[in-house]
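Engineer: What follows is the residue order along each chain.
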Amino acid sequence: GIQVEQSPPDLILQEGANSTLRCNFSDSVNNLQWFHQNPWGQLINLFYIPSGTKQNGRLSATTVATERYSLLYISSSQTTDSGVYFCAVLKTSYDKVIFGPGTSLSVIP
Amino acid sequence: DAGVIQSPRHEVTEMGQEVTLRCKPISGHDYLFWYRQTMMRGLELLIYFNNNVPIDDSGMPEDRFSAKMPNASFSTLKIQPSEPRDSAVYFCASSWGLSNQPQHFGDGTRLSIL
Chain V
1202 GIQVEQSPPD
1212 LILQEGANST
1222 LRCNFSDSVN
1232 NLQWFHQNPW
1242 GQLINLFYIP
1252 SGTKQNGRLS
1262 ATTVATERYS
1272 LLYISSSQTT
1282 DSGVYFCAVL
1292 KTSYDKVIFG
1302 PGTSLSVIP
Chain W
691 DAGVIQSPRH
701 EVTEMGQEVT
711 LRCKPISGHD
721 YLFWYRQTMM
731 RGLELLIYFN
741 NNVPIDDSGM
751 PEDRFSAKMP
761 NASFSTLKIQ
771 PSEPRDSAVY
781 FCASSWGLSN
791 QPQHFGDGTR
801 LSIL
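One line per chain: the protein sequences are V and W, in this order. All the letters of the first sequence, read from the start, carry residue numbers 1202 to 1310 under the numbering used here. All the letters of the second sequence, read from the start, carry residue numbers 691 to 804 under the numbering used here.
Hints in this document: simulated from the structure, not taken from any laboratory. Predicted, not measured: the structure shown is a model, and the values here were computed from it. One thing to keep in mind: the hints can contain errors.
To be verified - So, partial list: chain W residues that the calculated Cβ filter (under 10 Å) puts toward chain V:
(1) I695
(2) G732
(3) E734
(4) F764
What the hints assert, rightly or not - Result set (SDA-like, lysine to any residue): computed pairs, CA atoms no more than 25 Å apart in a straight line:
(5) K758(W) with T1293(V)
(6) K1297(V) with G749(W)
(7) K714(W) with Y1249(V)
(8) K1297(V) with D746(W)
(9) K758(W) with G706(W)
(10) K1255(V) with P792(W)
(11) K1255(V) with G787(W)
(12) K1297(V) with A778(W)
(13) K768(W) with F1300(V)
(14) K1297(V) with M705(W)
(15) K1297(V) with L804(W)
(16) K1297(V) with R731(W)
(17) K1255(V) with N761(W)
(18) K768(W) with Q1243(V)
(19) K1292(V) with G706(W)
(20) K1292(V) with S1261(V)
(21) K1255(V) with K768(W)
(22) K1292(V) with I803(W)
(23) K1297(V) with L736(W)
(24) K1292(V) with K768(W)
(25) K1297(V) with T703(W)
(26) K714(W) with N761(W)
(27) K1255(V) with R800(W)
(28) K768(W) with N790(W)
(29) K1292(V) with R800(W)
(30) K1297(V) with E704(W)
(31) K1292(V) with R1259(V)
(32) K758(W) with F1300(V)
(33) K758(W) with S748(W)
(34) K1297(V) with Q791(W)
(35) K1297(V) with I716(W)
(36) K1255(V) with D747(W)
(37) K1297(V) with G706(W)
(38) K714(W) with K1255(V)
(39) K1255(V) with V709(W)
(40) K758(W) with D720(W)
Heads up, the beta-carbon is just placed ideally off N, CA and C, and yes, glycines get one too.
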């Protein structure tokens, strides 16, 4: 099956700082999503991004499918950005979504 | 539009009892997924349905777990009998298509088996 790695595992930021989260995967994929799990446990869909770059406010994501990685950028971080960020990939031939272990982000005022 | 709706949000019960978790997918979505999240194993897929038909249940941990989707707007995940190691957060998700559309998650059911 596909292996999904995320780095860093933990990150502490001062409010207002920028950060980059990385997701590496071991095989070509058809589907990649970034999720934010907030402190209440809800999984919030951030990006559906099997390739290319997308932006949504202070967040943006880039997936380089040929090199098997994706990056999530958070600019001007806020305390509400705290939580765990997951990437999840799917390869059609496996027909299963595989989640990475997540990056735990704490933004302190 | 309403998102994926799960119930109950929290469930606390004693071991040996039957537990039923419920999910209403987003209208029009043809795929429905059940996931379990634990500290040890992270998020793992249990089973998924396409057009109400179970496609892959290889993630279902044991025969104590069963899932049904009697119609396009409702699915259940049942555990009988429940055990303390089943304590976890159970998520339901739905999507329109499998590989080229995002999955949308419900708020989850936090299950505690005493």
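Engineer: Does each hint hold? Answer for all of them.
Structural biologist: Against the structure, the hints come out as follows:
1. Because the closest C-beta pair between I695(W) and chain V is about 13 Å apart, greater than 10 Å, the hint is violated.
2. With its C-beta approaching chain V no nearer than about 6 Å, G732(W) sits inside the 10 Å limit, and its interface hint holds.
3. Satisfaction of the interface hint for E734(W) is found here, the shortest Cβ-Cβ separation to chain V being roughly 8 Å, below the 10 Å cut-off.
4. The interface hint given for F764(W) is broken, as the beta carbon of that residue sits about 21 Å from the closest beta carbon of chain V, more than 10 Å.
5. Between K758(W) and T1293(V) the alpha-carbon distance is near 24 Å, which keeps this suggested pair within the 25 Å criterion.
6. With a C-alpha separation of about 10 Å, the suggested pair K1297(V) and G749(W) falls inside the 25 Å cut-off, and the hint holds.
7. Between K714(W) and Y1249(V), the direct Cα distance comes to roughly 22 Å. Compliance with the 25 Å bound is thereby established for this hinted pair.
8. For the given pair, K1297(V) sits about 9 Å from D746(W) by alpha-carbon distance, which is consistent with the 25 Å threshold.
9. Taking the CA atoms of K758(W) and G706(W), the gap is about 21 Å. The hint holds against a cut of 25 Å.
10. About 14 Å separates the Cα atoms of K1255(V) and P792(W), which keeps this hinted pair within 25 Å; it holds.
11. A threshold of 25 Å between alpha carbons decides the hint, and for K1255(V) with G787(W) the separation of about 21 Å falls inside it, so the pair holds.
12. Between K1297(V) and A778(W) the alpha-carbon distance is near 20 Å, which keeps this suggested pair within the 25 Å criterion.
13. Between K768(W) and F1300(V), the direct Cα distance comes to roughly 23 Å. Compliance with the 25 Å bound is thereby established for this hinted pair.
14. This hinted pair does not check out: K1297(V) and M705(W) have alpha carbons roughly 30 Å apart, beyond 25 Å.
15. Proximity of K1297(V) to L804(W) is assessed by CA-CA distance (about 31 Å); at most 25 Å being required, the pair is judged violated.
16. Among the hinted pairs, K1297(V) with R731(W) is consistent with the structure: their alpha-carbon atoms are about 16 Å apart, no more than 25 Å.
17. With a C-alpha separation of about 35 Å, the suggested pair K1255(V) and N761(W) falls outside the 25 Å cut-off, and the hint is violated.
18. Between K768(W) and Q1243(V), the direct Cα distance comes to roughly 22 Å. Compliance with the 25 Å bound is thereby established for this hinted pair.
19. Taken as a hint, the K1292(V) and G706(W) pair is broken in the structure, with Cα atoms around 38 Å apart against an allowance of 25 Å.
20. Between the alpha carbons of K1292(V) and S1261(V) the distance comes to roughly 23 Å, so the proposed pair stays at or under 25 Å and holds.
21. Between K1255(V) and K768(W), the direct Cα distance comes to roughly 39 Å. Violation of the 25 Å bound is thereby established for this hinted pair.
22. Proximity of K1292(V) to I803(W) is assessed by CA-CA distance (about 34 Å); at most 25 Å being required, the pair is judged violated.
23. Taken as a hint, the K1297(V) and L736(W) pair is honoured in the structure, with Cα atoms around 10 Å apart against an allowance of 25 Å.
24. The suggested pairing of K1292(V) with K768(W) is violated, with an alpha-carbon distance near 28 Å, which exceeds 25 Å.
25. Distance check on the hinted pair: K1297(V) and T703(W) sit about 31 Å apart at the alpha-carbon level, beyond 25 Å; violated.
26. The hinted pair formed by K714(W) and N761(W) meets the criterion: a straight-line CA distance of about 10 Å does not exceed 25 Å.
27. With a C-alpha separation of about 32 Å, the suggested pairing of K1255(V) with R800(W) is violated against the 25 Å cut-off.
28. With a C-alpha separation of about 29 Å, the suggested pair K768(W) and N790(W) falls outside the 25 Å cut-off, and the hint is violated.
29. Note on K1292(V) and R800(W): the hinted pairing is violated, with a Cα-Cα distance of about 29 Å set against a maximum of 25 Å.
30. Among the hinted pairs, K1297(V) with E704(W) is inconsistent with the structure: their alpha-carbon atoms are about 32 Å apart, more than 25 Å.
31. Distance check on the hinted pair: K1292(V) and R1259(V) sit about 29 Å apart at the alpha-carbon level, beyond 25 Å; violated.
32. A threshold of 25 Å between alpha carbons decides the hint, and for K758(W) with F1300(V) the separation of about 24 Å falls inside it, so the pair holds.
33. With a C-alpha separation of about 15 Å, the suggested pairing of K758(W) with S748(W) holds against the 25 Å cut-off.
34. Our distance criterion of 25 Å between C-alpha atoms is met by K1297(V) and Q791(W), whose separation comes to about 13 Å.
35. A threshold of 25 Å between alpha carbons decides the hint, and for K1297(V) with I716(W) the separation of about 20 Å falls inside it, so the pair holds.
36. For the hint linking K1255(V) to D747(W), the alpha-carbon distance of about 33 Å lies beyond 25 Å, and the restraint is violated.
37. With a C-alpha separation of about 31 Å, the suggested pairing of K1297(V) with G706(W) is violated against the 25 Å cut-off.
38. The straight-line distance between the Cα atoms of K714(W) and K1255(V) is roughly 30 Å, outside the 25 Å bound, and the hint therefore fails.
39. Proposed proximity of K1255(V) and V709(W) is contradicted: the alpha carbons are some 41 Å apart, above 25 Å.
40. Distance restraint check for K758(W) and D720(W): the Cα-Cα separation of roughly 14 Å lies within the 25 Å cut-off, and the hinted pair is therefore satisfied.
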